[in-house]
Amino acid sequence: AYIDRDKICLEGTRVDIIDKISQWINNTETNVPKIFFLHGPAGTGKSAIAHTIGKQCKDQGCLGAFFRFDRTFSLERTPSKALRSIAYNMAINLPKFKNGLHELLNTNPYMADSTSLPEQWENLIQIPAQLVLDTKPVVIIIDALDECGPQEVNGPRRQFLSVMMKGVRELPYNFRVLVTSRSEKDILEVLTKYAAQLHIQDMSELEHTKEDIYKYVVHKMQRAINEANFTHEQCETLAKRAEKHFQWAFTVCQALYQEVKAGVKVKKRFEKFMALNMDSRNGLNLLDQLYKAILAEIFDPSDNDAMNEYRKVVGQILAASEPVSKLTLQSLQIAYGHYLGETDSEQGVDAVIPWLGSLFIGVNELNVPIRPVHTSVRDFLLDETRSHQFAVPIAEGHKMIGVGCIKLMTEQLHFNICGLPNSYLRNSELQNIEDLIKGILPEMLYACCFWDIHLPYTPCDNKILGLINAFIMGYSLFWMEVLSLLNRIDMARDIKKCVNIFGKIMVESTPHLYVSALPFLPAESILSKATQQQFHNVAKICKGQKEHWPSIQAILVGHKKCITSVAFSLDGKKIASGSLDSTVRIWDAETGNAIGKPLKEHKSSVHSVAFSPDGMKIVSGSSDFTVRIWDVETGNAIGGPLLGHNNPVQSVAFSPDGMKIVSGSSDCTIRIWDAETGNEIGTPPQKRHNNLVQSVAFSPDGRRIVSGSDNFTMRIWDAETGNAIGKPLKGHNDSVQSVSFSPDGKRIVSGSLDSTV
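Going by this note's numbering, the first residue of the sequence shown is number 1019, and it counts up by one from there.
Keep in mind that the hints were calculated from the coordinates and are not lab data. Careful: at least some of the hints might be erroneous.
[Stated by the list, open to error] Straight-line distance between alpha carbons at most 25 Å, and here's what the computed BS3-like set of lysine-lysine pairs gives: (1) 1052 - 1233; (2) 1285 - 1258; (3) 1154 - 1038; (4) 1228 - 1258; (5) 1038 - 1211; (6) 1099 - 1615; (7) 1290 - 1258; (8) 1099 - 1076; (9) 1228 - 1310; (10) 1579 - 1618; (11) 1678 - 1764; (12) 1618 - 1592; (13) 1285 - 1228; (14) 1558 - 1578; (15) 1211 - 1233; (16) 1238 - 1211; (17) 1228 - 1038; (18) 1154 - 1211; (19) 1076 - 1116; (20) 1052 - 1154; (21) 1285 - 1238; (22) 1578 - 1615; (23) 1330 - 1286; (24) 1228 - 1154; (25) 1038 - 1052; (26) 1025 - 1073; (27) 1764 - 1099; (28) 1228 - 1211; (29) 1592 - 1678; (30) 1558 - 1579; (31) 1635 - 1211; (32) 1025 - 1238; (33) 1591 - 1618.
[Claimed, not checked] DEER-style ranges, computed between Cβ atoms: (34) 1429 - 1152: 31 to 39 Å; (35) 1040 - 1190: 13 to 21 Å; (36) 1120 - 1225: 44 to 52 Å; (37) 1190 - 1632: 28 to 36 Å.
From the three backbone atoms N, C-alpha and C, an ideal C-beta is built for every residue, glycine too.
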């Protein structure tokens, strides 16, 4: 993210709030809140203030980092990437911070790949920041936090905000964090919780907004005023109609200059916009009605052909994983046309894009990425309840881009696409690798990096399967060659096996795709069979070549002793493990990387681990006779140990609603716990086998518990009262080691040392 000079406030506007923020930044008192939170409705000028403060801080040498969340860059707006970007910016701007970060990453290089937000904040920002104890302020600006992700109870933006609120308290006294966001429920809930440590400013409460908008309108319409076809009175009318929404005024000014039909005068269009029936109390409605009016001038809703072209082209613009230029859109649409057997498919781009200048940036240039002028434009077009006949089906845009990407790669990818001079240099040893990469057309770079994001939106039929097969059989190595040059090997998700095994040498040296990886492909793999006819002059494996890919996906290394228990989170994104080394560890199931540090509170071996249904907690049982609950986000223990057992805890489980925990122990009992308070539910003596309890599990409805014991039996228990239900279930003639309910709760399965199920 960077400071955009085109977004800076017009001189003489927003003076009060800019002065207020500047005074907060330069206040040297130690009790000054370190966070200034600026929130308000869409289109009220929050980003303009953020960019203005950013420029001032940069000019004064006190800017630590500027980061803007942006929905148009869908893969770059994650909290994890935001923290990495902030740390990178601070390393560039602050030499002392850079030295601290460099030292930390040299000591713990895995920190750069961590996906734990608390760990990232602590290691990439908080620890290096302790070295920047200057008298001069250090300002971090985070713009458009609401674009970090959707409103969710435990969604990414809420997690990011919570980590930031806790982490900022540990930064040196001279650090300041300015955050802007829309006033959305989940964000305001967190703000309320931390209100005592914040400066909070609601944009709707700012004074002089109408006067500022008037100044802005006069500035934007100066050319029309000079040409005597626009008056100051009209500027004043426009400013009044905008209420407190700068974006509305900006869009009207843009639209008045945008030619839509020959002979239509600015005055006539102005009167049309001012006659719109708009509810001035609702900012979104103001913008929605304006956007509809602008689009209705350009595209006739009764013209089906024109509307179809509009939806196809705008759908592709909005579906793009990052903004693409007109040329790239044309190339992808031409490739999609080739797939369909059409010859004039690029004409739709030329027929639509030049007329979108009021709502999109970059429409009048061939190589400038096209993007909405404001997030509200994107939101409007994707919400059919707001845009009605102008709604854009983004799935169709994804399909066209996805198929276009695959078709383009099958038409243009080839061996040694950048013309590397020899096969013996590492990528890092190529002095002009950036120039070589520039030789790859932008549309090809986009296709190689993002096709897999779009293709899932394409309905599966024999034709698309044939195209995908042609790509995999004939072009997949050339694709990985491009990814290697871009250091984007992580995007090769659909040839995951090859990347997992040979990725390291690909990153170190692109030619080794062919020199090393190709000979060692399993003989029966699709990739080997597809490429063996293309590359004859590679090394041959005479003995020991594998027939098939190994079934193992990854080896997770970190524990110091035997691992006794593992569990997946319900969403499949994380793994928990318990070990005889007395620790619990959390792993990223996609990358295999450890998340955070080992969870150390148990005094002896950990025998069992389980995730809560929402994935936010882990429960563990140990030989130290205790049960512990852990916060997955922070890695911290929640409360103290759950005490009650007087022998090792062999098995633990969460109830389906996450409100209860059950534990089974070598003390012959099972115990039921309140997952929120840690208090025991029921009376322990009632929940007893006459030998060690090895396994426990909840029924799908959470009303019953089953336990398996060394006394060869299973028992069923009432989860509310803890009372036994019926008699022991007998049949095994040795210890019952594992038990589980069927998904419908009608059956129980058990596994025993007697070798039976």
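Verification of the supplied hints:
| no. | hint | result |
| --- | --- | --- |
| 1 | 1052 - 1233 | violated (32 Å) |
| 2 | 1285 - 1258 | holds (17 Å) |
| 3 | 1154 - 1038 | holds (18 Å) |
| 4 | 1228 - 1258 | holds (7 Å) |
| 5 | 1038 - 1211 | holds (23 Å) |
| 6 | 1099 - 1615 | holds (20 Å) |
| 7 | 1290 - 1258 | holds (16 Å) |
| 8 | 1099 - 1076 | holds (22 Å) |
| 9 | 1228 - 1310 | holds (24 Å) |
| 10 | 1579 - 1618 | holds (14 Å) |
| 11 | 1678 - 1764 | holds (21 Å) |
| 12 | 1618 - 1592 | holds (18 Å) |
| 13 | 1285 - 1228 | holds (22 Å) |
| 14 | 1558 - 1578 | violated (39 Å) |
| 15 | 1211 - 1233 | violated (38 Å) |
| 16 | 1238 - 1211 | violated (41 Å) |
| 17 | 1228 - 1038 | holds (19 Å) |
| 18 | 1154 - 1211 | violated (29 Å) |
| 19 | 1076 - 1116 | holds (17 Å) |
| 20 | 1052 - 1154 | holds (14 Å) |
| 21 | 1285 - 1238 | holds (15 Å) |
| 22 | 1578 - 1615 | holds (13 Å) |
| 23 | 1330 - 1286 | violated (30 Å) |
| 24 | 1228 - 1154 | violated (35 Å) |
| 25 | 1038 - 1052 | holds (14 Å) |
| 26 | 1025 - 1073 | holds (10 Å) |
| 27 | 1764 - 1099 | violated (46 Å) |
| 28 | 1228 - 1211 | violated (32 Å) |
| 29 | 1592 - 1678 | holds (21 Å) |
| 30 | 1558 - 1579 | violated (40 Å) |
| 31 | 1635 - 1211 | holds (21 Å) |
| 32 | 1025 - 1238 | holds (13 Å) |
| 33 | 1591 - 1618 | holds (22 Å) |
| 34 | 1429 - 1152: 31 to 39 Å | violated (56 Å) |
| 35 | 1040 - 1190: 13 to 21 Å | holds (20 Å) |
| 36 | 1120 - 1225: 44 to 52 Å | holds (46 Å) |
| 37 | 1190 - 1632: 28 to 36 Å | holds (35 Å) |
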